[in-house]
Amino acid sequence: MARKLDIRRFPGFLPITYLCLFLLYAPLIIVMVYSFNDSNSITNWGGLSLRWYAEVFTGVESAKFKAATINSMTIAVMAAITSTTIATLAATAMLKAGRFRGKAISFALINMPLMVPEIVTAVATLIFFSAIGFTSGYLTILLAHIVFCIPFAYLPIAARMQGIEDTYEQAALDLYATRFQAFRLILLPLMTPGIISGFLLSFIISLDDFIITNFVKGAGIETLPTAIFGSVKQGIKPNIMAISTLLLLVSVIFVTLSYLVGRMGQNKK
Amino acid sequence: MRKLLTLGVSALALTIGASTANAEGKLSIYHWFEYIPQELLNKFAAENDIEVTMDTFDSNESMLAALKAGKLGSYDVSVPGDYMVKIMAGAGLLDTFEPAELSNFGNISAQWMDVDFDNGRHSSIPYQWGSTSFSVNRDVYSGDIQTTAILFDPPAELRGKINVLDSQGEVLAMASMHLGIPQCTSDRGQLRALNDLLQSAKPHWASFGSDIAKDVLVSGDAAAGMIWNGFSAKARAEGANVEYAFPKQGYVVWMDNVVLLKDAPNRDNALKFMNFLLDPVNAAVVTNYAQYTAGVDGVDGFLDEAVTSAPELNPPAGGAGQFIMACSEEVQTVYDKIWTDLKK
Amino acid sequence: MAGLIKQSTSNTSTYAGLGPLLMLPSWLVVGFFLVLPVSMMLVYSFLTKEFRGGVIWEFSLAAYDQFFFDRGLFGDAPPVIEWTYITIFWRSIWQAALATVFCLLIGFPTAWFIATRTGPNKSIWLFLITIPYWVNLLIRTISMKFLIRDTGPLNEFLMWTGMISDPIHMINTNFAVQLGLFYSYLPFMVLPIYASVERYNFTFSEAAADLYASRWVTLTKVILPFVKPGIIAGCILVFVPSLGAFLAPDLLGGAKNFMIGSLIEEQFKGNAGNWPFGAAVSMILLSMVLVVLTYYARQQSKVEAR
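Chains V, X and U, in that order, give the protein sequences. Oh and the first sequence: position 59 is 58 in numbering that gives the first Met the number 0, straight run, nothing missing. Oh and the second sequence: position 224 is 223 in numbering that gives the first Met the number 0, straight run, nothing missing. Oh and the third sequence: position 250 is 249 in numbering that gives the first Met the number 0, straight run, nothing missing.
Rather than coming from a laboratory, the hints here were simulated on the basis of the structure. Predicted model, so just to flag it, every value in this text is computed and none were measured. You may find that some hints are simply not true.
Said to hold, decoys possible - One-sided and incomplete, this derived list gives chain U residues near chain V with beta-carbon spacing under 8 Å: (1) 58; (2) 122; (3) 186; (4) 220; (5) 223.
Glycine included, each C-beta is placed from N, C-alpha and C at the ideal position.
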């Protein structure tokens, strides 16, 4: 019996997970510590101070960084939602809709944004947008982000969907459910972990993009990465560290809330 | 989630509205990030009742690529470096103006009037200028640093601890000065010598990096490094014991310039803006913010002490500074090959 | 790969006939906003370069010639095979492959651990893996550099514990590049694997255990085949972006050598301004990845057909 309890565990997996988390978070500790640096430096410690937080909220450039942060977040959320939706439909087609014309090249097509080097996508997209008279701005950034997020959403969803048997849905259809009902009530819940994974990956890939955004942006719209990479004339200052720390704080609050909501949901049952 | 979507859609609507209404009273700037204080833009906007929009780029070359890929026509002014002004003019990306169109034209310092990249200033006005050479950590090396040998034939203390800028133009220009050959030489023997010099110097270099040029010096990862003068001053302010060199063989002088772009949608406002920047009061505001040097006469009274006293910002009289030249296509092809060979 | 394309077992398809409809959004979005612009780049790779960026509309094979043939410093020597770019490709492929292996070795156990949690904890763990990525890659990489430099916290700590007496030099080494790539792409391995492990039915493990299979046998013969789609998805998501990555190699590795990403970048954003060559290198890279993926997909379908 003891052995059966063990089947979920492999020796060494837990330490590796901790190592993984340590590797992920160790650099963030540096970021957080240096956001409280009194000096202009991101490498030399000059004493404890809240001046960079003050600058983030009231400084000369605060409006610019605030706008950039809001643009980054809204674009990332919208791009992730849209691309995850598109990818979910595509995965259903590829894995659950039998044969159809164009299926063979569809896989290559969906993964194309992953394979084309970013700078090429950037220049090509800008040339294309200009050619069709599409004014650079928020919308061009969003569209470009949706495109390159698609494979990041598709691959986890498809990995999840692979091998989900048709039996439940067939049973539902036998009970006169429509195909849409079968999709919504059976397939979608089964796919959820894949969809969450796809959403999270497209969200972080959109949040981080610089090269493509740098080319297709316009009309005074900045995102956080273009602001950070653009700081070549002044150098990176701890205010970026402060913004990063605040973003982390927001994400932690977000996670804590969703945890609490999840627990409440559990308790109701 | 629905709220977020509504928010996003309204943001979309706003931006589309903003980008299509291209009426009078607007100015569209293509600039470096954090290179002009927002207050100055606000002041200009308020004085002239003009709505200012600014987009940013991260390097001269990416600006050029973006303009060539289709952004020309959406901006009024841009801020390219010296050699880039010439390249842009050559590519037909610049508009010209008459001196009479700018009432402050006479404020341009005499030494920056007849520059090689825009003789007589028909498309550009000076913005800020500075120099590029290298800084040495004085805790590590205390010998003479006023020589380009620090980079290309370094003393034992500095070997393997040097960062060079990841920028073809600056590295090849400094190397040419070290050899005493003209920039963009088409002489095959000289080009071969240039190639050999870089190949022999590379083993002494720890890294290529531009974004990190200041931080490697401050952190001590590098004991010497090519750097812009303003960055070296910042490194010193952050506590690094570094000294900026003005080597006797020569160093790079750079100047960023405000240019009038071709097909500018708001040409008149662009000229108003350029004139505004030629006012010493405003030029000084930029200098105090960016910590470089203005190319306009009469700024001295408005400058901060930190700017006027920094040794990095005040080259010795008779210094051997040179602008980076824009090479001909033939030479540039060889330069590209040398650079690729160096980094292959 | 085929695992990500079509189903291997079931022969009924609930959504039969809806394929094209469901694919339509992807076809439209990717086709219009990516395939169209990129095919223009394919055309560009066969055009004459305009000095300092742009193209002249005249057919030319110069870009491909430059990739494959070396004509000396001045371009007039008799052509020999050009090893420069092949070396750069090989270096990038090798680095990306190594990074993929490391991500898999650390990512699989992590994904497994997360998938075997219960209740709402699971998604908390997923968030924990992705939260660090709310911070910009450049900032994270700079901080990683800070950690591992000669006088950085890691070396100080190791010296404090007495494990080493002199700092280990890590900056500007291959180790640092690997660490950077690993750090850039880890969640792209963990999340897809998680999505597939999460569905794993532990009765299989129980059955294997009842048959006295060792843990190792259960892992390799039962579990791995089941979660293979997730592993493949993860490997694609780490390997392909790593091929073009340049931030981690440049900042942590010292940028002394070009990677594919920085080589292409240089053609569009550097002094070179050689768009046709940049386009040609991209097309060569793109076709290589496509050939490998297609070959693998074929092999998989053959295996499954048996």
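Do the hints match the structure? See the list:
With 8 Å as the threshold, the beta carbon of residue 58(U) stays out of range of chain V, its nearest partner Cβ sitting at about 19 Å, so the hint is violated. For residue 122(U), the suggested interface contact is upheld, since its CB lies about 6 Å from the closest CB of chain V, less than 8 Å. Annotation: residue 186(U) was flagged as interfacial toward chain V, and the flag holds, the nearest CB pair being 7 Å apart, inside 8 Å. Using the Cβ-Cβ criterion of 8 Å, the hint placing residue 220(U) at the interface with chain V is not satisfied: the shortest such distance is roughly 14 Å.
Nearest Cβ of chain V to the Cβ of residue 223(U): about 12 Å, over the 8 Å cut. The hint is violated.
Hint compliance for this structure: hints 1, 4 and 5 are not met, and every other hint is.
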